[in-house]
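Peer 1: Here are the chains, one letter per residue:
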Amino acid sequence: MKEILIDIEKCMGCKSCEIACRVSHSQSKNLYTAIFEERLPQRRIYVEKIEDIPVPFNCRHCEDAPCVIACMTGALFKTEDGLTMYDESICVGCFMCVMICPFGIINKNRYEKKIIKCDRCPDREIPACVEACPTKALKFKEVEDFSKEKRKKYLTEILV
Amino acid sequence: MKRYVIIGAGNSGLTCAKTIRKYDKNCEIVMISDENYPPYCRCLLTYYIEDKVDEKILFENNKKILKKFNINFIQGERVEYINSTLQKVKLRSGKEIEYDKLFLGIGGTPKISKFSNDNSILVTTLRKFDEAKIIKSHFKKGNTAVLEGGGLVSLKTLLALYEIGVKIYWVVKSPYILSFIIDRESAQIIEDFILEKGINLIKNAEIIEVKNKIVKISDGKEIKADGIIIGKGVKALQIPADKEFLFDDGFKVNEYMETNIENIFAGGDCTIVYDIPHETRRKVALWPVAGEHGYFAGLNMLGMKRKYKGSVQVNSFSVFANNIIAGGKKRIFDDEREKYYEVSFKKGKVFKKFILRRTDDSICGYVFINDIFKSGPFYYEIKGGGSYERNFNRY
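Chains as they are written, first to last, in the working numbering: chain D, 1 to 160; chain C, 161 to 555.
Looking at chain D on its own, in the form it has when it is part of the complex:
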């Protein structure tokens, strides 16, 4: 199961991921036409500054997700793959999930009483934010591979 993983050291805070996320959730899927759409697309990833270090925040698809526990209708649910997905049709807009998300990444839909959250770009092979990241700070990998890479890097640094 691949996850969106973040190499914080590489993030420059360019916000390319934010733009790519917006475009990928627009009607036209094109930056130049997306800005003229009646309903402006909203992003699902937020680059924040934590003590002057830029960090991208997105849905971590928590294992025992608090938003799923808090959801009244079951609009937020876990899939077999462990993803936290959202069924807009049964959401009543109580915003319990906004209240309880530990990362503060569930946002209100600007146009209706619904929420906006990362859906891992279901119609793409690689999520838009990962594809757009110029420094490869965002990676779409197996957790095992990611930590292996980290270990390798650490060992090279102390051995060489």
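Simulated from the structure, these hints should not be mistaken for laboratory data. Careful, some of the hints might be misleading.
[As the list claims (entries may be wrong)] Just the calculated beta-carbon pair ranges, DEER-fashion:
{"no.": "1", "chain 1": "D", "residue 1": "ASP81", "chain 2": "C", "residue 2": "GLU240", "range": "42 to 52 Å"}
{"no.": "2", "chain 1": "D", "residue 1": "LYS153", "chain 2": "C", "residue 2": "GLU195", "range": "49 to 59 Å"}
{"no.": "3", "chain 1": "C", "residue 1": "SER297", "chain 2": "D", "residue 2": "GLU144", "range": "53 to 63 Å"}
{"no.": "4", "chain 1": "D", "residue 1": "ARG60", "chain 2": "C", "residue 2": "GLU195", "range": "30 to 40 Å"}
{"no.": "5", "chain 1": "D", "residue 1": "ASP81", "chain 2": "C", "residue 2": "LYS300", "range": "39 to 49 Å"}
{"no.": "6", "chain 1": "C", "residue 1": "SER504", "chain 2": "D", "residue 2": "ARG60", "range": "22 to 32 Å"}
{"no.": "7", "chain 1": "D", "residue 1": "ARG60", "chain 2": "C", "residue 2": "THR519", "range": "24 to 34 Å"}
{"no.": "8", "chain 1": "C", "residue 1": "LEU406", "chain 2": "D", "residue 2": "GLY13", "range": "47 to 57 Å"}
{"no.": "9", "chain 1": "C", "residue 1": "LYS465", "chain 2": "D", "residue 2": "ILE158", "range": "34 to 44 Å"}
{"no.": "10", "chain 1": "C", "residue 1": "GLU415", "chain 2": "D", "residue 2": "THR33", "range": "53 to 63 Å"}
{"no.": "11", "chain 1": "C", "residue 1": "GLU195", "chain 2": "D", "residue 2": "ILE8", "range": "44 to 54 Å"}
{"no.": "12", "chain 1": "C", "residue 1": "SER504", "chain 2": "D", "residue 2": "GLU9", "range": "35 to 45 Å"}
{"no.": "13", "chain 1": "D", "residue 1": "PHE36", "chain 2": "C", "residue 2": "ARG442", "range": "47 to 57 Å"}
[What the hints assert, rightly or not] Chain D residues, not near chain C, derived (Cβ > 12 Å throughout):
{"no.": "14", "residue": "ILE8"}
{"no.": "15", "residue": "SER28"}
{"no.": "16", "residue": "ASN30"}
{"no.": "17", "residue": "PHE36"}
{"no.": "18", "residue": "THR135"}
{"no.": "19", "residue": "PHE140"}
{"no.": "20", "residue": "LYS141"}
{"no.": "21", "residue": "LYS150"}
{"no.": "22", "residue": "LYS153"}
Computed from a prediction, not measured in an experiment: that's the story for all the values here. The beta-carbon is built from N, C-alpha and C at its ideal position, and this holds for glycine as well.
Assemble the complex: chain D is given as a structure, and chain C must be docked to it using the hints.
Peer 2: Just chain C now, with coordinates in the frame of chain D:
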């Protein structure tokens, strides 16, 4: 094969069952509910009244969960007696069920106010689906309803009835609405949202009499009404057992969510837990908090020994187009001024307020009105005793 018995089909019971099934695929899970329906969310009942949610949304998802998590669900049965020595529960029908671990998520029953009533109009509370059905069929456009109690149930019922076109009088005993949930300043803002829509708010008053469809209020007003809905909070339920439970308006549980009787756990509206920001033990009767209780109880019933630090009161609600999220301690009493201070800012319709401790500037409460985004982390800041400074740049 181990058998886990869960009494109550609220969020604590359901989350407890789901947690147990996640880690133990082979055990037997029995869930007992005294209502004749599949598990449902009580917070959705007001949405049901105003037709935003139908029975399908209310029940279908939980029916699927019962099947997916292989939960043996017994509905319409009340547990009459717990025999903790023989590890058995006795149902009203006489049937006995043995358990290895027992979870009590039995919730509470609404408190009722005492006024003289000649039964000329409908007087009800709103906690169960049956009551929601009665309210839905009783009130029609142009009717008049009197709501008593200044809590969230009354507010949500008010909003639902307003959508139907019912004329509303809201009678509140305290000097401002939602006094258990928010502070006076924030309540004032919310009161304005309500008054704008032409709802009659009567504060510092209570219902004293109902006679010939006339509701008499303590401030002298007389209202011709079609029904009264009471929302004055809940009283925890109790089940008789062979040993005595430590009970004081709720089962007293330890940090593992276990009651004083071995192998019996409790969670949700029927428990007394540690309230972190208020630094006291009390009942925190809320939907998401009940889920947390169920989750930790589930892990401990499996023998994982996970400590539950305590609960934080946290609410999310909307008043017309305004969204409000409030958590932790929101009021500073006069004798607490040396210990706490508050920071607030208002810009247009947006209002934010934080309550902080003087000793280390750590946060212990917040109110967000109309800009609720990124309020989630504050809930965990309060739980973990984190600082306001660290998160401030993000907000």
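Peer 1: A separate judgement is required for each hint: does it hold in the structure or not?
Peer 2: Status of each hint after checking the structure:
The hint said 42 to 52 Å for the Cβ distance between D/ASP81 and C/GLU240, and at roughly 44 Å that hint holds. At roughly 57 Å, the beta carbons of D/LYS153 and C/GLU195 sit within the given window of 49 to 59 Å. Remark: the range hint 53 to 63 Å for C/SER297 to D/GLU144 is upheld by a beta-carbon distance near 57 Å. Checked against the hint of 30 to 40 Å, the C-beta distance between D/ARG60 and C/GLU195 comes to roughly 36 Å, which is consistent with it.
Taken as a hint, the range 39 to 49 Å holds for the pair D/ASP81 and C/LYS300, whose Cβ atoms sit roughly 48 Å apart. Look at C/SER504 against D/ARG60: about 31 Å separates their beta carbons, and that is inside 22 to 32 Å. For the pair D/ARG60 and C/THR519, the supplied restraint of 24 to 34 Å holds, since their beta-carbon distance comes to about 32 Å. Our hint of 47 to 57 Å for C/LEU406 and D/GLY13 holds, since their Cβ atoms are close to 53 Å apart.
As the Cβ distance of C/LYS465 to D/ILE158 is approximately 37 Å, the hint placing it in 34 to 44 Å holds. Range check, C/GLU415 to D/THR33: about 56 Å between beta-carbon atoms, so the 53 to 63 Å window is met. Range check, C/GLU195 to D/ILE8: Cβ separation about 49 Å, and the 44 to 54 Å hint holds. Taking the beta carbon of each, C/SER504 and D/GLU9 are about 38 Å apart, inside 35 to 45 Å as hinted.
Between D/PHE36 and C/ARG442 the beta carbon distance is about 54 Å. The supplied range of 47 to 57 Å therefore holds. No Cβ of chain C approaches the Cβ of D/ILE8 within 12 Å, the least distance being about 15 Å, so the stated non-interface status holds. The beta carbon of D/SER28 sits about 26 Å from the closest Cβ of chain C, which is more than 12 Å, so the claim that it is off the interface holds. Against the 12 Å criterion, D/ASN30 stays outside the reach of chain C, whose nearest CB is about 27 Å from its own CB.
No Cβ of chain C comes within 12 Å of the Cβ of D/PHE36; the nearest lies about 25 Å off, and the non-interface call holds. At roughly 22 Å, the least C-beta separation between D/THR135 and chain C is larger than 12 Å, which holds for a residue marked as non-interface. A cut-off of 12 Å between C-beta atoms confirms that D/PHE140 is not in contact with chain C; the least separation is 25 Å. For D/LYS141, the shortest C-beta to C-beta distance to chain C comes to about 25 Å, beyond the 12 Å cut-off, and the non-interface label holds.
A cut-off of 12 Å between C-beta atoms confirms that D/LYS150 is not in contact with chain C; the least separation is 25 Å. Distance to chain C confirms D/LYS153 as a non-interface residue, since its nearest Cβ pair spans about 28 Å, more than 12 Å.
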